[in-house]
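*Asks:* The lines below spell out each chain.
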Amino acid sequence: MNIVVCVKQTPDTAATVTVENGKVTWGDAPLVLNPWDEFAVEQSLRVKEAHGGKVTVISLGPEGAREALKQALAMGCDEAILLQDPSYAAADTLVASAALAAALRKLDPLDLALFGRTSVDSDTGVTAAQVARRLGWPSLTLVAAVVAVDPQGRTIEVERMLEEGRQQVRAQLPAVVSVVKEIGEPRYPSFMGIRKASKAEIPTWSAADMGLQAPSPAVSWPALIAPPRADTHCEMISADSPGEAAARLVQRLMEEKVL
Amino acid sequence: MDFLLSDEQQMAVRMVRDFGQKEVVPIIREWDRRQEMAPQVLPRMAELGILGICVPERYGGQGFDYLTLGLVCEELEAVDSTLRVVMSVHMGLNSLALLQWGTEAQREAFLIPQARGEKIAGFGLTEPGVGSDVAAMASTARRHGEDYVLNGEKMWISLATKAHHLLWFARTDLGSAGDPHDGISAFLLETDRPGVTRGDIHGKLGVRAGSTGWVHCQDVRLPAANRLGEEGEGFRIAMSCLDNGRYTVAAGATGLIRASLEASLRYANERRAFGRSISGFQLIQQKLAVMVQSYEAARLLYLRAGWMKNAGMRNTRETSLAKWYATDASFAAASEAIQIHGAYGYSDEYDVERYLRNSRGAMIYEGTSEIHQLMQAGYALGTRKDAELRCELPAYDPAYWRTPGSAPAGRRMT
Numbered sequence: 001m002n003i004v005v006c007v008k009q010t011p012d013t014a015a016t017v018t019v020e021n022g023k024v025t026w027g028d029a030p031l032v033l034n035p036w037d038e039f040a041v042e043q044s045l046r047v048k049e050a051h052g053g054k055v056t057v058i059s060l061g062p063e064g065a066r067e068a069l070k071q072a073l074a075m076g077c078d079e080a081i082l083l084q085d086p087s088y089a090a091a092d093t094l095v096a097s098a099a100l101a102a103a104l105r106k107l108d109p110l111d112l113a114l115f116g117r118t119s120v121d122s123d124t125g126v127t128a129a130q131v132a133r134r135l136g137w138p139s140l141t142l143v144a145a146v147v148a149v150d151p152q153g154r155t156i157e158v159e160r161m162l163e164e165g166r167q168q169v170r171a172q173l174p175a176v177v178s179v180v181k182e183i184g185e186p187r188y189p190s191f192m193g194i195r196k197a198s199k200a201e202i203p204t205w206s207a208a209d210m211g212l213q214a215p216s217p218a219v220s221w222p223a224l225i226a227p228p229r230a231d232t233h234c235e236m237i238s239a240d241s242p243g244e245a246a247a248r249l250v251q252r253l254m255e256e257k258v259l
Numbered sequence: 001m002d003f004l005l006s007d008e009q010q011m012a013v014r015m016v017r018d019f020g021q022k023e024v025v026p027i028i029r030e031w032d033r034r035q036e037m038a039p040q041v042l043p044r045m046a047e048l049g050i051l052g053i054c055v056p057e058r059y060g061g062q063g064f065d066y067l068t069l070g071l072v073c074e075e076l077e078a079v080d081s082t083l084r085v086v087m088s089v090h091m092g093l094n095s096l097a098l099l100q101w102g103t104e105a106q107r108e109a110f111l112i113p114q115a116r117g118e119k120i121a122g123f124g125l126t127e128p129g130v131g132s133d134v135a136a137m138a139s140t141a142r143r144h145g146e147d148y149v150l151n152g153e154k155m156w157i158s159l160a161t162k163a164h165h166l167l168w169f170a171r172t173d174l175g176s177a178g179d180p181h182d183g184i185s186a187f188l189l190e191t192d193r194p195g196v197t198r199g200d201i202h203g204k205l206g207v208r209a210g211s212t213g214w215v216h217c218q219d220v221r222l223p224a225a226n227r228l229g230e231e232g233e234g235f236r237i238a239m240s241c242l243d244n245g246r247y248t249v250a251a252g253a254t255g256l257i258r259a260s261l262e263a264s265l266r267y268a269n270e271r272r273a274f275g276r277s278i279s280g281f282q283l284i285q286q287k288l289a290v291m292v293q294s295y296e297a298a299r300l301l302y303l304r305a306g307w308m309k310n311a312g313m314r315n316t317r318e319t320s321l322a323k324w325y326a327t328d329a330s331f332a333a334a335s336e337a338i339q340i341h342g343a344y345g346y347s348d349e350y351d352v353e354r355y356l357r358n359s360r361g362a363m364i365y366e367g368t369s370e371i372h373q374l375m376q377a378g379y380a381l382g383t384r385k386d387a388e389l390r391c392e393l394p395a396y397d398p399a400y401w402r403t404p405g406s407a408p409a410g411r412r413m414t
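Those sequence lines, one after another, are chains Z and U. Residue numbering for the first sequence follows the numbering used here, starting at 1 and increasing by one per position. Residue numbering for the second sequence follows the numbering used here, starting at 1 and increasing by one per position.
Looking at chain U on its own, in the form it has when it is part of the complex (with noise of 0.2 angstroms):
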């Protein structure tokens, strides 16, 4: 077993976190304030590699492996979640699942762009009327010759009005009585098709500097090349998506978790009460104690999860346990924040209220923390067993991401 990070990763972390706190920290509340996203934030991502970092060096990407993923969701949600937003659905719901599920006609039409920060991508999944119950959902796609024909609405779609691309995801079963688990399918979707109006959401609790917004269809004409996997293979698609997006909801959360604690043990150290510093009261140090043991816990548990990606290892269990754990105790982190802020944590002056208020939404999106316990549970009582796939997630082979040019012949990650 290692624990040690090597050079590239610990380089890798090093200058995303210089990228965070020259250019981003100085700008967010106000764009916070502003509940608009930073024009600038988007443009820098890809010009600094971020948005294509696990990618094949062949596809557009920066050929580092899915623990820099992870590192990288970390230092970015330190400095404010908006920006690890763009890798959840950008990379992990998206390029990522055209890695493991995408011909190659899809890889270099989608992905390429994508890894290369030339395309935006985003994940089209939960709709106005369907959350964690994503088999009935009411979007549908009705199959006309080489067409599909795409109608409904989705909600809460992360960079609704950024994306350039979104994966889809629409009922294809109409008029079926089959298990409608298996009458979803999945499609990559232009967001500049004929048909297709979104806009954003204001007046959010947290996430403000991000775009979190609607995606209407009305009659997109979409080709059947864009289907992503087989026709009925959405439910799966979309639940393998949801293994990459919530790796990185949890290295993020675990990035928030050392916000909190880093503004707490700053604030502790400068405060005076009663004659003396306030870390030196007992009741302060309990809460920076259980900060840090959320922080180590979290990471270990997102690393490993990734470590396991890194293998090609089924993670589902693991990256479910990370996201939960960690996203709870971000929220318990931020708060504690605020209490040892004491009034100042409750004004914008401070940048703990953000956390906390960006941490919560990540304890309802991509699996409620709800959904999660169920699913810990049901792994410990042996109710539940992870479907087999027909497309995994192809393990770190740093000789196949690092090499330039197109595909082998003879080598088909699917």
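This is chain Z alone, in the form it adopts within the complex (with noise of 0.2 angstroms):
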């Protein structure tokens, strides 16, 4: 099997994040890899051991994005690419599912790509589903179960999780797979694993180093807002007797509007 696992560097989800001078910040609170993707990674590592082959794990994004991809290789994944040019400056998830599917193309002959459900930054959910639709490769999405692989028959079965229940799905292979929490722990990442990642050798591919031309974004962020701080204070409401005291609280509510 030649799995890939795309994967994306966040800020931690106990970072505080807020804006200053319209720009996002949290602080000095680490950057990590994208909690879900690590779900991702999982899997990739679960499929890879059940079938054999490679897993090579991608990413998109800055410099820094090298500790995330580190972090995959410590957990075991073979190989790691960082994905990196000019024009990916701004990217929407347009620019940045151009980007992956390039890096897919260039990576073919591919059994899956995995994908963690959505970033805890941008929150968007609809990567995976373009990859997919660009390489023209099923694309299960909010998949919690792997339920069976056939490398030979080319297909591979999933249990969806979905509001309404759970759905079995069957696709053929190459397929696109994005991956909740209900799929598995992740494994921490070994001390050989971290041996191994720290002295790795990532290599960057740059847009043209995989022939894209890459698409403007369609979506821009003209103005960015912190949530207006919520000012909270206490008021005890005492009285003789509950009755009294009920009938306090419930006035109070309608003053403020809330009933």
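Calculated directly from the structure, the hints in this document are not laboratory data. All the pointers check out, no bait thrown in.
Restricting the straight-line Cα-Cα distance to at most 20 angstroms, the calculated cross-link-like pairs of lysine to aspartate or glutamate (DMTMM-like) are: (1) U:K22 with Z:E185; (2) Z:K54 with Z:E42; (3) Z:K196 with U:D7; (4) Z:K181 with U:D18; (5) U:K22 with Z:D12; (6) U:K22 with Z:E182; (7) Z:K48 with Z:D150; (8) Z:K181 with U:E23; (9) Z:K181 with Z:D12; (10) U:K22 with Z:E42; (11) Z:K54 with Z:D150; (12) Z:K181 with Z:D121; (13) Z:K48 with Z:E79; (14) Z:K181 with Z:D123; (15) Z:K196 with U:E57; (16) Z:K199 with U:D397; (17) Z:K196 with U:E47; (18) Z:K199 with U:D7; (19) Z:K196 with U:D397; (20) U:K22 with U:E349; (21) Z:K199 with Z:E67; (22) Z:K196 with Z:E67.
Pair ranges (Cβ atoms, derived): (23) U:P398 with Z:R170: 46 to 54 angstroms; (24) U:R34 with Z:S220: 51 to 59 angstroms; (25) Z:M192 with U:G145: 41 to 49 angstroms; (26) Z:P227 with U:R33: 36 to 44 angstroms.
We treat Cβ as the ideally placed atom computed from N, Cα and C, and that holds for glycine.
Dock chain to chain to rebuild the complex, using the hints, since each chain is given by itself in its own frame.
*Replies:* Next up, the structure:
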């Protein structure tokens, strides 16, 4: 099996993200491998363990995204590639999916491309489907379990997690799969993996390296506004009887237009 | 001078931190209350390779350096002291002694399974009646042909009921009137030998989620091949083990200071009094500032000791200083963390009371704070000199540590 897992580097979910001078900032909180993508890495390694082959991890991002790639290598991925180009500077998912699809074409023949269901920073959740559309591969999203992979018969069977329940889906390989956390707890990097990852040479592919004319972004961010700070204060209601307290509470709630 | 950690050291730290946060933090309070070690802790530490972190790959380890051992201990004790205690005895006091003093056959028989985490190792020096006064130990080892026969009892032994192997110290100078320091020998004791009995001690102030106990030897026969080092070399071996054990204690206590600081910062920002967050009060800020100072100083002291180990430099003085400073400071930090938490800090609803209980033991074991003060004064006055050792802890050599396979001929670390 020739597997690719697409990952993104994002701020830690524990970071306090805010807007300063029209720019998003997370202070000095660390950047991490997008938590959803950890599940995709885990699933890629499980498929490799079951069927053999190779896992290549790719990321579109700044120089710092090498850290996210190293994390995936330390978990057990075999190779990593960083996609970088000046034309990705204001990339929306249209640009990102074009670049990722071009990288996947360059890596072809492939069997499987895995994604996390979304990234915790921009939270669009559409990149996997867009890449599938560009490649003309089946798009299996919200996958909670990979039931069976048949490399010879070129099929994959998965369970998709929908609000109404689970849906079993079979598709031809190669396919794009985006996973949810029910897929199973991601493993920690191993010490041997860490040693390998810290020495790894991670090549950079530009748009030209992949023969790509990056499209212009369709979406831009003209303004960023941090949600207004909620100023909360606590008001104790005291009364002689519970009935009286309840009446006062109702009155206060109506004054505040809560009821 | 380089204060930067390498990529792989940082990644190792993150991995161990994730393990602690995900797998131990949610369960530790319950096991601390039960006064038992969570059964999954040792198997998971083994599986993840933590138990062999700084052992050369050829001896079943992960091939990292001594600094990483310290960093890992800091992360472990930031979660719970019992995790770091495992590293102190299994790695610091036992496995590194095999690396330093063991013959090739002993490393193969003992170090390899220990580094792989297949066997757990401990250290049997302290006795019911002997702590700081090591040379007065009562345990004996009588030579009978090709065997020794061990008798005696060891007390306050970490992992007493978990360890498969113990580094056991006993008198071999029976009937001699020589210097008692020269009458002790070290032995590699498998705890499944007939005549070995052991048990855990309950009712300890701290490290309640760990195993601390006693081990008794009644006419235990041990082949002479299980003697570590030469006959009469046991005292020097024990002291060299403490250079490594104390290093892990220093690094761990540093992690405990950090845990107290982080808990205090969180609580000080949450808790309000007199109409404002208590973090705005200068007396609270002063406590936080002292914790920051202690943390940074303790960390620099243990990292220097680790750096010296990497370089193959004798570090008895530096390790002792790091251990003394960090353990005293961790007790003070935990106590102030409780003060910041007020009455909540006094209950086990918050972690800081456990930090205080756990910090206290480290001011007693592996050299009491008083012993370390005597040592430091001795070095300063010029009355104390490190004795020459026949075998030094080998310097960290990445090429050697990271080459798989058996030790090449002509390269003896002893």
